[in-house]
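Working from the sequences, and respecting the hints, build out all of it.
These protein sequences, in sequence, are chains A and G. full-length UniProt numbering puts the last residue of the first sequence at 671; the count rises by one with no breaks. full-length UniProt numbering puts the last residue of the second sequence at 179; the count rises by one with no breaks.
These are calculated hints, taken from the structure and not from any lab test. Hints should not be assumed to be uniformly reliable.
[What the hints assert, rightly or not] Simulated restraints on C-beta separations: (1) A:586 / G:33: 47 to 55 Å; (2) A:185 / G:107: 54 to 62 Å; (3) A:174 / G:97: 49 to 57 Å; (4) G:77 / A:141: 26 to 34 Å; (5) A:636 / G:43: 41 to 49 Å; (6) G:149 / A:378: 51 to 59 Å.
[As the list claims (entries may be wrong)] Facing chain G, according to a computed beta carbon distance under 7 Å, are these residues of chain A, among others: (7) 502; (8) 504; (9) 507; (10) 515; (11) 520; (12) 573; (13) 575; (14) 660.
Treat the numbers as computed from the prediction; the structure is a model and nothing was measured. We treat Cβ as the ideally placed atom computed from N, Cα and C, and that holds for glycine.
So you can see what is in the structure, the chains are spelled out below.
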Amino acid sequence: MAEARDPLRYFRIEARELVDQISAAVLDLDQQPGPDLVARLLRFAHTLKGAARVVKQTEIADRAHTIEEVLVPHRGNETALPTDDMRELLRLNDEIARFVRDLESPAENSAETPAEDDEPAPRSVTADLDELLDAIGEANARIAPLRDGRRTLARIHRGVETLGEQLRSGREPVDVRATVQRLASDLAGLGRRFTDAVDQVERELDEVRGRAESLRLVAAGTIFTALHRAVHDAAEAEGKHVRFVSGGAETRMGPQLLNQVNGAFLHVVRNAVVHGIEPEEQRLAAGKPAEGTITVQVERRGRWAHFRCTDDGRGFDLAGLRRIAAARGLLPAGREPDPQELIDLVLHGGVSTSGTVTEVAGRGIGMDVARDVAVQLHGSVSITNRPGQGATVEIAVPLTLLSMNGLIMEAGGTVATMPMDAVRRCVRLALDDAADASASGRLAYEGQVVPFLPLARALTPAAHGHANPGVAVVLTADERTVAVGVDRLAGTTTLVARPLPDLAPAAPVIGGVAIDLDGNPRLVLDPHGLVAAARINAGRSAPASELTAPPRPILVVDDSLTTRMLERSILESAGYEVDLAASAEEALEMAHARDYGLFLTDIDMPGMDGFAFVSRARDDPDLAAIPAILVSSRSSADDRRRGEDVGAAAYVVKGEFNQEELLAHIRRLIL
Amino acid sequence: MTVSVADRIARLRLDFDRSFAEPVRRHDEEHVELLAVHAGGRPYALRLAQTAGLHPDRPVTPLPGPLAALLGLAGFAGTVIPVYDLSALLGHPGPDRPRWMVLAVGAPPLGLAFHELDGHVRVEAEAIVDEEPAEGQRGCLRGMVRLDGAPRLIVDVPATRALVHALAGHIQVTEETRR
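Structural data, given as structure tokens:
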């Protein structure tokens, strides 16, 4: 029925794919000429021609034929195609693409929607579906033992009934005991098989769920063809030779996000060609290769996706930027701005919208779009300028949904998943090695010493005296390698990680959360947080260093008993341990005897006052790092300023005293 | 005998007619629905209208972090919800894991866990002793109700939510008090 109503249904899908493949292959041919690519292009064009003829799309078939004619003379050649031929190929393919689009929704496409703003084609969907189907098949296969088990169960059942019958009728078998034992052992075996099979089915279903979830996501590589094309077109218009290099195509993310970044990056790469890459003679004079290079790299770091566009051109025109900024009064008073400040003006200073800066610095408009997209996606954009060497524009956006392969680990009774791409190796730990590593915070690995962190210590603060980890998972993030000790590994999984919900502040080792098969949250670790935590752990010699241990105690200093008690009750209610001092002198003495996390001090006290106490503590190397909050009935701006001058981290006025506000300060400071 | 039957009929008719003349009872205004609970060994009451669901034995995944009152995360139909220990929020944390959880009204999603559910009761509005929002401590408690002869403090869910927001760093700290 569907075919009868819509004979073009399948042609549209095929044609779209072929147009995409032709476009990518022509652009590749531009960079690496070779007979293989020509042959591949001929195949694509031929297939398209045949398919178009079948559905009577002569415009498309004719153009596919012309593509073949352009290519045929170059078949088997190692040399590059002449520029005119390349241009002709792209032009023909663009025309075909237009016809294909018109087939899809003739009415909509009459409007002039530029081709590059189209949503990237989810080209990898077929492969993903294949993998999903594989996973479903695997899950199905795991049910077979259960089916066999049913037969065994029936056999045991018959055995029991026969035995019962024999016992009832007095026809006892030769050895009742042996018969019962055999039945019992059959039952036990069956039980084990059932347990195994259910475990396996569960794991496979987990895999199916993960793959199905990741179908919602698209590989970053789907935008590369459009970016490559933009670079090609801009370079041709400018008469420059520019090479397009890409990396990180397999990183997956939501199609919406990718689409938006794509829109911004089309401007960014175009600007890099037009304003960044110098004309050939200038490049040669500067000792650079005649051909410029634009590199687009997509990388996932934790929950963030980084899109980088790097060119090897001339970099930003700092002198020009400085002139404009000076004219508009945007330069810092009394000093020369450093180059990065000038660059940042393009992004943040409001100069970016100015036409003049656009002309001088060149990249205003692209930067505007990049910044808008970054803001919309709650991300950021940054520029690194290397005068004479080129520039890098980077957009970093948080990923709300993130598909990843994970290693399931158990530690201290908690199950957590580690993103697989950070894992380098898993090493079984001998008992002694585990004890040494846990105590020293260091592990010998491949001839070097790497920081070691028992995961249980990071996940469960109360894991004192916990059994030594059995496996060390070696991981790399931020170009640093550390080892994390876990009790055991429980397999791998495909999962979609999402950010932690609001109202759930977590230790930095936690990167997000995924939903398991039962609908329960499962923690996803953050390799960057773990690397940082392991390095801190190794930095402290004593194993007692607890990363998520209860916060260090707070020392309350106040001459008023009522205030001391009130503050103590508030702080203890919030889970803090509190010591009390009735004077600043006493407090200084106590501060040296115990490792406090925070001082909460009154100002007006007999003897040394609060200002002096904070100032003394700041000057004392042992105490300088401990934040201090002043709590006073003085509310004048002068007092606040004085508090700030002596180094108080916050100032709370007693009259406006508010438990939540105080706790918010403390939480901020004591972490 | 016949007279008394006629009298009876007349009385019944009068009662029947009179019943229409009485004003309709307004349940919602005169009664308040409460959940009687125990948190950390102490009795409290929660207004049912301030909750969005009651769940026993919900698996909670512990979340390591700075807040002792945050028990962890629970999954509800694909949504991940932070669960706080009510007794810890009320200032008397205990070692036992709470068994019950109510979802607080409002956004973002928030679960409050307590140890025992004593029951669901409807009390007359007058039975609740209201209290001006008090200063200082016990910020989550508003008013009191007498149930089975014993007084119970009423946990105000929106106030508890406000405390959680503050603890989780959702508070606006004025620029002036910030360094």
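Problem - residue 502 of chain A as chain G interface residue, shortest Cβ-Cβ below 7 Å - result: Result: holds, 4 Å to nearest chain G Cβ.
Problem - Hint check: 7 Å Cβ-Cβ cutoff, residue 515 of chain A to chain G - result: Status holds, d = 6 Å.
Practice task
Please verify that hint: residue 520 of chain A, Cβ, nearest Cβ of chain G, below 7 Å or not.
Solution key: holds (5 Å)
Handout entry: Beta-carbon spacing of residue 77 of chain G to residue 141 of chain A - inside the hinted bounds 26 to 34 Å or not
Key = Distance hint for residue 77 of chain G, residue 141 of chain A holds at roughly 30 Å.
Practice task
Look at the Cβ atoms of residue 636 of chain A and residue 43 of chain G and judge whether their distance stays inside 41 to 49 Å.
Solution key: Once the Cβ atoms are compared, 46 Å apart, the range 41 to 49 Å for residue 43 of chain G and residue 636 of chain A holds.
Practice task
With a cut-off of 7 Å on the beta carbons, see whether residue 660 of chain A makes it to chain G.
Solution key: holds (4 Å)
Practice task
Using the beta carbons of residue 586 of chain A and residue 33 of chain G, state whether their distance is inside 47 to 55 Å or not.
Solution key: holds (53 Å)
Handout entry: C-beta pair residue 174 of chain A, residue 97 of chain G: status relative to the range 49 to 57 Å that was hinted
Key = Given a distance of about 55 Å, which is inside 49 to 57 Å, the answer is holds.
Handout entry: Closest C-beta approach of residue 507 of chain A to chain G relative to 7 Å, hint status
Key = Since chain G brings a Cβ to about 4 Å from residue 507 of chain A, closer than 7 Å, the hint holds.
Problem - Hint validity - residue 504 of chain A Cβ closer than 7 Å to any chain G Cβ - result: OK, holds: residue 504 of chain A within 7 Å of chain G, min 4 Å.
Problem - Interface hint for residue 575 of chain A, Cβ within 7 Å of any Cβ on chain G - result: Holds - the Cβ of residue 575 of chain A comes within 7 Å of chain G, reaching about 4 Å at its closest.
Problem - Cβ distance range 51 to 59 Å for residue 149 of chain G and residue 378 of chain A, holds or violated - result: For residue 149 of chain G and residue 378 of chain A the Cβ distance comes to about 54 Å; the hint holds.
Hint compliance for this structure: no hint is broken.
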